[in-house]
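*Asks:* Here the structure of chain D is known, so what remains is to put chain S in place on it, guided by the hints.
Sequence order for the protein chains is D and S. Per our numbering, residue 3 is the first one in the first sequence, and the count goes up by one each step. Per our numbering, residue 8 is the first one in the second sequence, and the count goes up by one each step.
Since the hints were derived computationally from the structure, they do not count as laboratory data. For every residue, glycine included, the Cβ atom is placed at its ideal position computed from N, Cα and C. A few of these clues could be false.
[Said to hold, decoys possible] Some chain D residues near chain S, calculated using beta-carbon distances under 10 Å: (1) M3; (2) I4; (3) F5; (4) F17; (5) V31; (6) G44; (7) L46; (8) D49; (9) V51; (10) T52.
[Claimed, not checked] Not everything, but these chain D residues come out facing chain S in the computed CB check (under 8 Å): (11) W35; (12) F39; (13) D43; (14) D50; (15) V53; (16) D54.
[As the list claims (entries may be wrong)] Label pairs and their in silico Cβ distance ranges: (17) L21/D with G83/S: 53 to 61 Å; (18) P238/S with S23/D: 39 to 47 Å; (19) Y57/S with P6/D: 28 to 36 Å; (20) G163/S with S23/D: 56 to 64 Å; (21) E10/D with S110/S: 44 to 52 Å.
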Amino acid sequence: MIFPWIWERLPGGRFGKPLCSALLIGAVVLLLWFVVFPLVDGLLPFDDVTVDGR
Amino acid sequence: MTHLVEWDAPSRRRTEEDWEPPSRRVGRMLGELMLTAGLVLVLFAAYATYGKAWRIESEQNALAGELDRSWAASAGRPVEGQPMARIHIPKLGRQWAVVEGVSQADLRKGPGHYPRTAQPGQIGNVAIAGHRISSVFWDVDRLDRGDVIVAETRTGWFVYRVVRQRLVLPRQVEVIAPSPGRPGEAPRKAMLTLTTCNPKFQNWQRLVVHAELVREQAKSRGRPAELKGHP
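With the rest of the complex left out, here is chain S:
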């Protein structure tokens, strides 16, 4: 007996040759599901490395203008989610608008300033958190003692130099205490602290960089010499 196969029919009829035992059908279904899940995971990895970095970069472009406009307008108290200062790290060739707050939504825009920690230039500790991704704090582990971190506010430039880099556990809140490492003690120095996750793409440690204020310069006196050649 011959089959007449209608090739121009909308969907091909199943023939006897297509038959396979149910176990194989289940196996094929599982295989397809796993392949699909694998592809989705690879895409998610790409999103985590590139997609988020791009999103933060575009947010940063918007924030840079917003910060300049708000500085031109008036001095106000920092508002959660709004840019409050800029930090420059010449060694890494980077600068960011820092937003007030460290919630997930805040950190999606760039580095965030821990609320109720000091403002740049003040005695105390300016604590800033940022993602460990390429457009934010990916390379802060390259900062060594003496490297420059400049904080820029509406009124001035504050030049900090790195004094220490350390790895801590996520619960070690004393690193952002007014006197870093000595919670409860009254601060005597003006410090700046960066926190990010460590190792890269993992979350069981925090990489912490402490820097100490070495000098400040009024906005009216132009950019500090430490930022020469920095974009």
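Chain D with its partners taken away, still in its complex shape:
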């Protein structure tokens, strides 16, 4: 569904498509790792380490 849809629209031929998809996956991973996760992480309570009155 989603992935075949993307695959069909990727440019390049027999070698271009795998290369393109690798670049795309890499870009998504970097975006998640350096932008999305640090933002999300601050909103999650898993690393509360202080004692406070609340």
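*Replies:* The following block gives chain S in isolation, referenced to the frame of chain D:
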């Protein structure tokens, strides 16, 4: 009737064999979404364990230099988010630059000093919080009675020994009171308290380590013997 399939066309035409009932298309779509969500969650778990630890380590490298420079410059009041002291735990083979403040932004740099708690060496309680991740307080549960925690400031070394380790609830603020466990009471001892989360990766308890000052040594007299062999 035969189909002439144009293989070099930019995108393949759907044929009758490709047809599937709508319910199956929905199912496949859901499956793909769930697989993708699963992969993203696995990546997030990797980030929580390794990514954050690496980030703190690189922040610590920067802070170590910053701390040395600020000590060389002058004695100033601690500024939120800036390094204020260093702590060494020889048993764990670790040392950290401690920043002033315990907000999320502060703790992203390393252990943080609770504002308005004592400074190292003072009578009262030096309270320090840190994440329970590999580059910070992951292993503090291994500290036993008698283990050394050394606080290093601009002027001196302060050797504390662990007196107690305990698990408390997040609201038990009395562990960072000037006299630990006795809020409101005037302190008579110089204490140091570490807090972190417990169990690992969860947040319903706090692991607390109390240590008591046993001796201090001026910077001019070199490193204390307790740090022999410690990086």
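*Asks:* Please check whether W35/D passes as an interface residue: C-beta within 8 Å of a C-beta belonging to chain S.
*Replies:* 6 Å, holds
*Asks:* The hint says 39 to 47 Å between P238/S and S23/D; measuring C-beta to C-beta, is that right?
*Replies:* 44 Å, holds
*Asks:* Mind checking the CB of D54/D against every CB in chain S and telling me if the closest is under 8 Å?
*Replies:* Status holds, d = 6 Å.
*Asks:* Is the hint on L46/D kept, meaning its closest Cβ partner in chain S is under 10 Å away?
*Replies:* Because about 9 Å separates L46/D from the closest Cβ in chain S, which is inside the 10 Å limit, the hint holds.
*Asks:* May I ask you to test the interface hint for M3/D with respect to chain S, counting a Cβ-Cβ separation under 10 Å as satisfied?
*Replies:* Where the cut-off is 10 Å and the nearest Cβ of chain S is about 5 Å from M3/D, the hint holds.
*Asks:* Taking the Cβ atom of Y57/S and the Cβ atom of P6/D, is their distance within the range 28 to 36 Å?
*Replies:* 32 Å, holds
*Asks:* Regarding the hint that G44/D lies at the interface with chain S, is the smallest CB-CB distance below 10 Å?
*Replies:* 5 Å, holds
*Asks:* A closest beta-carbon separation below 10 Å is what the hint needs, so does D49/D meet it against chain S?
*Replies:* Result: holds, 5 Å to nearest chain S Cβ.
*Asks:* The hint names I4/D as touching chain S; please verify it with the least Cβ-Cβ distance against 10 Å.
*Replies:* 5 Å, holds
*Asks:* Taking the closest Cβ pair, is T52/D under 10 Å from chain S?
*Replies:* 5 Å, holds
*Asks:* Please verify that hint: F5/D, Cβ, nearest Cβ of chain S, below 10 Å or not.
*Replies:* 6 Å, holds
*Asks:* Is the distance from the Cβ of G163/S to the Cβ of S23/D consistent with 56 to 64 Å?
*Replies:* Holds: the Cβ-Cβ distance is about 59 Å, inside 56 to 64 Å.
Checked against the numbered hints given earlier, the structure breaks only hint 4 and satisfies all the rest.
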